[in-house]
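Please work from the sequences and hints to get the whole structure.
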Amino acid sequence: MTRQRNPYSDLPAPRFWRRSVSAVERHLLDPVVSAKFTIGRDDRVATAGSCFAQHIARNLQAMGFNYFVAEKPDGLNAAHARALGYGVFSARFGNIYTTRQLLQLFQRAHGAFAPLEDHWLRPDGRYADPFRPNVEENGFATIEALHDDRARHLEAVRRMFRDADVFVFTLGLTEGWRSVHDGAVFPLAPGVTAGEYEATRHEFVNFDVAETVADLRSFLALLRGVNDRVRVLLTVSPVPLIATYEDRHVLTATTYSKSVLRVAAESIVRDHDWVDYFPSFELITGSFNAGMYYEADAREVTGTGVAHVMRCFSKHYLAGGTGSRPDETHALQSPATDQGGGEIVCDEEAIDQVRD
Amino acid sequence: MEGRRNWLIVFNCTNIGLANSLKLQAPDLEVESIDFGRFRKDFAAYSRRLATFDLIVTAPHFVRNDCVDFSEVAPVRTMPVPYFDAYHPDLCYVTLDKHILKGPLGDYHSKIVTAAFKKRLSRASVRALFAARHYEAFGYFERWAPARQSLLAGFSDAGLDVARYFRTWSLRRQFMHSVNHPSIEVVYDIASSLLARESVPHERAGILPHDNLMNGPIYPVFDEIAERLGIAGSYLFKLPAQYRCIDLNRFIDDSYDFLEQHDRDAVDVHTAQRVSFQRVMEAL
Numbered sequence: 001m002t003r004q005r006n007p008y009s010d011l012p013a014p015r016f017w018r019r020s021v022s023a024v025e026r027h028l029l030d031p032v033v034s035a036k037f038t039i040g041r042d043d044r045v046a047t048a049g050s051c052f053a054q055h056i057a058r059n060l061q062a063m064g065f066n067y068f069v070a071e072k073p074d075g076l077n078a079a080h081a082r083a084l085g086y087g088v089f090s091a092r093f094g095n096i097y098t099t100r101q102l103l104q105l106f107q108r109a110h111g112a113f114a115p116l117e118d119h120w121l122r123p124d125g126r127y128a129d130p131f132r133p134n135v136e137e138n139g140f141a142t143i144e145a146l147h148d149d150r151a152r153h154l155e156a157v158r159r160m161f162r163d164a165d166v167f168v169f170t171l172g173l174t175e176g177w178r179s180v181h182d183g184a185v186f187p188l189a190p191g192v193t194a195g196e197y198e199a200t201r202h203e204f205v206n207f208d209v210a211e212t213v214a215d216l217r218s219f220l221a222l223l224r225g226v227n228d229r230v231r232v233l234l235t236v237s238p239v240p241l242i243a244t245y246e247d248r249h250v251l252t253a254t255t256y257s258k259s260v261l262r263v264a265a266e267s268i269v270r271d272h273d274w275v276d277y278f279p280s281f282e283l284i285t286g287s288f289n290a291g292m293y294y295e296a297d298a299r300e301v302t303g304t305g306v307a308h309v310m311r312c313f314s315k316h317y318l319a320g321g322t323g324s325r326p327d328e329t330h331a332l333q334s335p336a337t338d339q340g341g342g343e344i345v346c347d348e349e350a351i352d353q354v355r356d
Numbered sequence: 001m002e003g004r005r006n007w008l009i010v011f012n013c014t015n016i017g018l019a020n021s022l023k024l025q026a027p028d029l030e031v032e033s034i035d036f037g038r039f040r041k042d043f044a045a046y047s048r049r050l051a052t053f054d055l056i057v058t059a060p061h062f063v064r065n066d067c068v069d070f071s072e073v074a075p076v077r078t079m080p081v082p083y084f085d086a087y088h089p090d091l092c093y094v095t096l097d098k099h100i101l102k103g104p105l106g107d108y109h110s111k112i113v114t115a116a117f118k119k120r121l122s123r124a125s126v127r128a129l130f131a132a133r134h135y136e137a138f139g140y141f142e143r144w145a146p147a148r149q150s151l152l153a154g155f156s157d158a159g160l161d162v163a164r165y166f167r168t169w170s171l172r173r174q175f176m177h178s179v180n181h182p183s184i185e186v187v188y189d190i191a192s193s194l195l196a197r198e199s200v201p202h203e204r205a206g207i208l209p210h211d212n213l214m215n216g217p218i219y220p221v222f223d224e225i226a227e228r229l230g231i232a233g234s235y236l237f238k239l240p241a242q243y244r245c246i247d248l249n250r251f252i253d254d255s256y257d258f259l260e261q262h263d264r265d266a267v268d269v270h271t272a273q274r275v276s277f278q279r280v281m282e283a284l
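Chains A and B, in that order, give the protein sequences.
Numbering-wise (the working numbering), the first sequence opens with residue 1 and increments by one.
Numbering-wise (the working numbering), the second sequence opens with residue 1 and increments by one.
Quick caveat, the hints were computed from the structure, so don't treat them as lab data.
There may be inaccurate statements among the hints.
[Unchecked claim] A partial selection of chain B residues facing chain A, derived with a Cβ cut-off under 7 Å:
(1) P80
(2) P146
(3) N212
(4) L213
(5) P240
(6) V275
[Unchecked claim] With a Cα cut of at most 20 Å, we get these calculated DMTMM-like pairs of lysine to aspartate or glutamate:
(7) A:K315 to A:D43
(8) B:K102 to A:E343
(9) A:K315 to B:E224
(10) A:K315 to B:E142
(11) B:K119 to B:D257
(12) B:K238 to B:D223
(13) B:K238 to B:D257
(14) A:K315 to B:E136
(15) A:K72 to A:D163
(16) B:K238 to A:D352
(17) B:K41 to B:D66
(18) B:K102 to A:D352
(19) B:K98 to A:E343
(20) B:K238 to B:D254
(21) A:K36 to A:D228
(22) B:K41 to A:D352
(23) A:K72 to A:D148
(24) B:K41 to A:E343
[Claimed, not checked] Residues of chain B placed beyond 10 Å of chain A at every Cβ, according to the derived structure:
(25) E32
(26) R64
(27) D66
(28) C67
(29) S122
(30) F130
(31) D161
(32) S183
(33) L195
(34) P201
(35) S234
(36) R244
Idealized CB from N, CA, C, for every residue including glycine.
This is the structure:
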């Protein structure tokens, strides 16, 4: 009797949970089936996004790839430069959590948007940039200094968008705070580290799928307008919300937020052949790892989790990676290997040590 | 007690955890256990009783040993000694005139240190060999698949289904204290498989015996290897029979002190690990 065929009969192993998840040890799970492009050693790779994107930036640099730092410090030592936000991302924009923020960054850098909210006053009397309030550790002494630094920053942002070969963006959140008057979105709520919250000037926003997709689509069109060779890699941050302003549990809010971002990324990838999605979110949050990739606070990602993400990223997206070749095939074909290790006998003294 | 089955386990150092796990899961089973060495030594005491056991469980290589052929005295079944070197590819047994030498970590030595000693490298230069690029050259990152295959095939050939447990073993931490000392969770699952194979009613109540192998030496999973295997690594070597660890520098020093007491050319690595040791020697 022949087995009846069905649409799943001839599908490859990665399409089946039992074969590609249940049967695979945690550290070997690889959810990337194919990559739309690879990153060469000379390709300039720019990164932006939420804090998880920092891991990718750091690892790219450590692996000797051409991490594109468009905004460089003048005469600062490395530690001081890092403290001032240089090299954390490709320019000193700090964390970019929402796609609206990313879109507005591009628009601000290219003179298409000039937010009304110009500067925030810090508790210490110094000034902060509302769109990157934490990048200058000690704030700016004067508004002029802030403006000068912002001009340099936005020039670097333009350069980054124009010259990057690959732009990696990690989508972080859907919740944010914006100006009631012109819709300018801030990375932090006014008053958290600088500025002052006023209900007449600021409002909470939780972007939905349609808004997130539209913002991302608009950004990509603008990006391609200044850089027709750039390729984009989207990831979704697996780091849960630290707080929600919605009247619901932060866990529920996190699920909503990450779901919107994941759907948005998928929508974009499906109709842009130069944009790909890398599943770092799935690697960290997937049930296959039994929560092993989160610290005890169930929020911060462990180094082991980051290492797993980077192994898959390197394998599929970096030139010289092993691509789709199974790691294990090579090892299984090793011609010579040890034999008979199980027959080594512990002596009496060794046994006595473990007798009780 | 009449009607109770009576087993004898003659095995390596896991015999204690195995016997405890069997008894915990199958309350109606009587289990006596002994290691290979002591069995040989106390054979006179056992020889008269062997026929009284309903089953003797031992390793394949020990069925016909220098004292007795178990198959001639009682029903005998085998199970392989768990051996898995993916976490500890550097661990080796060092021999001199075919005798296993005991160093600072008892029977466990380092292939890197031993190879460096044989190649007359200064002890000061050895520390730098404990690094990812060297591990790559030594083949230390390639051990998971072959070690897994060998472990599972050995048990499968013996009719023991431990493959179902393997993913869970490796899920949260390393499941071996060394190449041949599994953690008690692994021993407990092997016991389940053994009971299933022998059709002994049993229940996995989740009450695990203490891990007696923790009192033995424990070889660390080096950071660079651990990262690739998705677990936390370390360079702390637990000493045998005491709850104290030494760091890598001390381990290298103590190992060199020990090895220098012996003839450099006569010191060798156990035949069972010589292929992988040769690769370290050639890469140095």
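Kindly indicate which numbered hints from before are broken by the structure, ordering the numbers from low to high. Of the numbered hints given earlier, the structure breaks none, since each of them holds.
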